[in-house]
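**Student:** Here is how the chains run, residue by residue.
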Amino acid sequence: MINYIYNIPHAIGSNVLNLFAHIGKISIFFYEIIFCTFTLPLYFKTFFNQIIKIGYNSLPVIGLTAFFTGSVLALQIYVGGSRFNAESIVASIVALGITRELGPVIAGLMLAGRVSASISAEIATMKVTEQLDALTTLSTNPIRYLVVPRVLAAMLTLPILVLIADIIGIMGGFVVATQSLGFIEQSYIKNTFDIIQLNDVISGLIKAAVFGFIVAFMGCYHGYNSTGGAQGVGRSTTKAVVSASILILASNYILTSLVFNS
Amino acid sequence: MTDLILKIEKLHKSFGEKVILNDFNINITRNTSQVIIGGSGTGKSVLLKCILGLIEPDQGIISYNNTPLNRDTRKEINFYDEIGMLFQGAALFDSLTVWENITFAIKSKRKNDLREIALDKIHKVGLDSTVLDLYPSELSGGMQKRVALARAIAKDPQLLFFDEPTTGLDPIMADVINNLINEIIDQVGATAITITHDMESAKKIADKISMLYKGNIIWSGDPGEIECSNNPYVDQFINGRSEGPIKINIKD
Ligand SMILES: Nc1ncnc2c1ncn2[C@@H]1O[C@H](COP(=O)(O)OP(=O)(O)OP(=O)(O)O)[C@@H](O)[C@H]1O
Ligand SMILES: [Mg+2]
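As you go down the protein sequences, you meet chains F and E in turn.
Mapping of the first sequence onto my numbering: residues 1 to 262, in sequence order.
Mapping of the second sequence onto my numbering: residues 263 to 514, in sequence order.
These are computed hints drawn from the structure, not numbers from a lab.
From a predicted model like this one, the values you see are computed outputs, not experimental measurements.
In this text, a Cβ means the ideal position worked out from N, Cα and C, and glycines have one as well.
Treat the hints with caution; some may be incorrect.
Calculated lysine-lysine pairs in the BS3-like style (CA-CA distance at most 30 Å, straight line) [unchecked claim]:
{"hint": "1", "chain 1": "F", "residue 1": "25", "chain 2": "E", "residue 2": "337"}
{"hint": "2", "chain 1": "E", "residue 1": "373", "chain 2": "F", "residue 2": "127"}
{"hint": "3", "chain 1": "E", "residue 1": "465", "chain 2": "F", "residue 2": "45"}
{"hint": "4", "chain 1": "E", "residue 1": "509", "chain 2": "E", "residue 2": "386"}
{"hint": "5", "chain 1": "E", "residue 1": "466", "chain 2": "E", "residue 2": "476"}
{"hint": "6", "chain 1": "E", "residue 1": "280", "chain 2": "E", "residue 2": "509"}
{"hint": "7", "chain 1": "E", "residue 1": "386", "chain 2": "F", "residue 2": "53"}
{"hint": "8", "chain 1": "E", "residue 1": "369", "chain 2": "E", "residue 2": "337"}
{"hint": "9", "chain 1": "E", "residue 1": "470", "chain 2": "E", "residue 2": "280"}
{"hint": "10", "chain 1": "E", "residue 1": "470", "chain 2": "F", "residue 2": "25"}
{"hint": "11", "chain 1": "E", "residue 1": "337", "chain 2": "E", "residue 2": "373"}
{"hint": "12", "chain 1": "E", "residue 1": "272", "chain 2": "E", "residue 2": "470"}
{"hint": "13", "chain 1": "F", "residue 1": "190", "chain 2": "E", "residue 2": "466"}
{"hint": "14", "chain 1": "E", "residue 1": "280", "chain 2": "F", "residue 2": "239"}
{"hint": "15", "chain 1": "F", "residue 1": "239", "chain 2": "F", "residue 2": "45"}
{"hint": "16", "chain 1": "F", "residue 1": "53", "chain 2": "F", "residue 2": "25"}
{"hint": "17", "chain 1": "E", "residue 1": "272", "chain 2": "F", "residue 2": "127"}
{"hint": "18", "chain 1": "E", "residue 1": "280", "chain 2": "E", "residue 2": "269"}
{"hint": "19", "chain 1": "E", "residue 1": "371", "chain 2": "F", "residue 2": "127"}
{"hint": "20", "chain 1": "F", "residue 1": "127", "chain 2": "E", "residue 2": "476"}
{"hint": "21", "chain 1": "F", "residue 1": "53", "chain 2": "E", "residue 2": "371"}
{"hint": "22", "chain 1": "E", "residue 1": "476", "chain 2": "E", "residue 2": "465"}
{"hint": "23", "chain 1": "E", "residue 1": "466", "chain 2": "F", "residue 2": "127"}
{"hint": "24", "chain 1": "E", "residue 1": "272", "chain 2": "E", "residue 2": "337"}
{"hint": "25", "chain 1": "E", "residue 1": "269", "chain 2": "F", "residue 2": "127"}
{"hint": "26", "chain 1": "E", "residue 1": "369", "chain 2": "E", "residue 2": "509"}
{"hint": "27", "chain 1": "E", "residue 1": "369", "chain 2": "E", "residue 2": "386"}
{"hint": "28", "chain 1": "E", "residue 1": "272", "chain 2": "F", "residue 2": "53"}
{"hint": "29", "chain 1": "E", "residue 1": "470", "chain 2": "E", "residue 2": "386"}
{"hint": "30", "chain 1": "F", "residue 1": "239", "chain 2": "F", "residue 2": "127"}
{"hint": "31", "chain 1": "E", "residue 1": "280", "chain 2": "F", "residue 2": "127"}
{"hint": "32", "chain 1": "F", "residue 1": "127", "chain 2": "E", "residue 2": "465"}
{"hint": "33", "chain 1": "F", "residue 1": "45", "chain 2": "E", "residue 2": "369"}
{"hint": "34", "chain 1": "E", "residue 1": "269", "chain 2": "F", "residue 2": "45"}
{"hint": "35", "chain 1": "E", "residue 1": "373", "chain 2": "F", "residue 2": "45"}
If you want the footprint, here are the derived chain F segments under chain E, 3+ residues with CB under 8 Å [what the hints assert, rightly or not]:
{"hint": "36", "stretch": "127-134"}
{"hint": "37", "stretch": "138-146"}
Quick list of simulated restraints, FRET-style, between CB atoms [what the hints assert, rightly or not]:
{"hint": "38", "chain 1": "E", "residue 1": "291", "chain 2": "F", "residue 2": "19", "range": "30 to 38 Å"}
{"hint": "39", "chain 1": "E", "residue 1": "503", "chain 2": "F", "residue 2": "48", "range": "13 to 21 Å"}
{"hint": "40", "chain 1": "F", "residue 1": "15", "chain 2": "E", "residue 2": "391", "range": "50 to 58 Å"}
Construct the complete structure from the given sequences, taking the supplied hints into account.
**Tutor:** Structure follows, in C-alpha cells:
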C-alpha cells in the first residue's frame, strides 16, 4: 500500500519528464525536416513514387468513403430539414458540409489509417534491420531520403484527394436526393452552386495540406523512434495511426475556430 | 611518427547500468588490417557504431587522420565518403534491387556505368550477374552478406569496417572473402577493421589481432603470436573452452 502511494508522485514525475522529452524530440525532428526540405538534394524519384503510393493508391478508399458520406448526409439532412419544413436545404448543407468539413476530415482519417500505418511500419522495420544506419554510412541522410519525400508527397496529394472527395461526396448527396428523396435534378445542382463559394473549397484544401503533413509526419516520427524489434514495429504503427487521427481532429477544430470561421 | 588513420582514446559507453566500453583505447595504422576478436556481447559492434557516429559515446575521443570526429566534423571532411561498412546483419535496402543496393552511394553516373560497377563488385564477392536484378529477400543469408560486402567496397573506400564478414558462409566462400579483404588492403592500400569469431579468417587477414574483454583490449599482437600469447583469456577464447577465466553464466 505504502509503495503505491510513493509510486504516485514518481509516476507523475516520470510522465511529465517523458512528455517534455517527447516534445523535444518532435521539435528536433520537425526542424530537421524543414532544414532538409529547403536544402538540396531533393530525392525526386522517391518523391514521385510516394505520390503514387500515397495519392493514387488511396483514390478508391477515399472515393468510396466520400460517396457514402455524401449520401448519408443527404438522408439525415432531409430528415432534420423536414421537421422545420425546410427540406430544400439538403443541397446547400451537403455542399457546405462536404467541402468545409467532412471531405478533408474523412480523407485525412482514411489516409491516417492507410498511410501513417504503412509509413511507420516501413521505417520502423528499416530501423530494426539497421537499414537507417546503413543509409548514414552511405553518405545519405535518412531524413532527407525517407522522410522529406513522404511528407511533401502527402502534403501535395491530400488536397488533390480532398478535391476529388468533395466532388464525389456532393455527387453522392445528389444521387440520393434525386433518386430516392424526389428532388429535381436541375434545381438541386443550382442550389449547390448557388451556396458554394471558392473560400469553402479552399479552406478545405488548406486543411487537407495540414492533415497530409500530420499523417506523414506521425508515420515517420513513430517509425523513426521505434525500439524493440518486431513488437516495436507493431507498437509504432499503432501509435502513428492513433496520434495522427487525434491530431487531425484537434487541428481541424483549431483551424476552423481560428482561421476559417467567417 | 607512425601514420595513424584512426586513434581512439578513453572511449566510454554504457547502456543504462550496463558498461559496454570502459576506457577503451586503440591506434590503427594506415594500410593495415586490424582484427578485433571477443566474446558475444562484449561490445564489438557497439565499438564500430561509435566510430561511425551511429551511437553517441558517453566519453572519449575518436580521431580520423588527426581530426576528432563528431557530427559536424564528419560532415566537413565527408567522412562517410571515405569509409565502407559491412553490417553484421547485412542491412540491405529491401526496396531496392541488388545492383541498386551496391551502387547506392555512387552519385551522378549513368545507369549502365552503375550496373558495370555492380557487376565488377559482385564478381569479387563470388556471385554472378544473375543476382543483379533480384531483391534482397530473394537471396540466401550468405548471399545477402556478400552483397552487403560488395556495397561496402563499391566506392573503393580508404577505411573499411567489416562486422563478421565470414559468418554464415561455407569454408570455401569464406576463403574467397578472406582473399578479397587481403587484396583490398594490399592493392588498394586501404585500411580494414574486421570483427570476427572465425579464427581461421582472423589469422589469414590480420596484420594485428586485438582481443576485447570487459570493455577493454586485453591483448594485442601479430596473428603468429596468438597461439603462444600466454594470456589465459586469449587461450581460452581461441581454443573455445568453456572452462577458464572467462566466466559464462549458465544455470544448471
Ligand atoms: N541500442 C542498445 N541498447 C541497449 N543495449 C545495447 C544496444 N546495443 C547493444 N547493446 C548491448 O551492448 C552489448 C554489446 O553489444 P554488441 O552488439 O556490441 O555485441 P558484440 O560484441 O557485437 O556481440 P556479437 O559478437 O554477438 O555480435 C550487448 O550486451 C547488448 O545488449
Ligand atoms: Mg556484433
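**Student:** Hints broken by the structure, by number, lowest first?
**Tutor:** 3, 4, 7, 10, 13, 23, 26, 28, 32, 34, 38, 39
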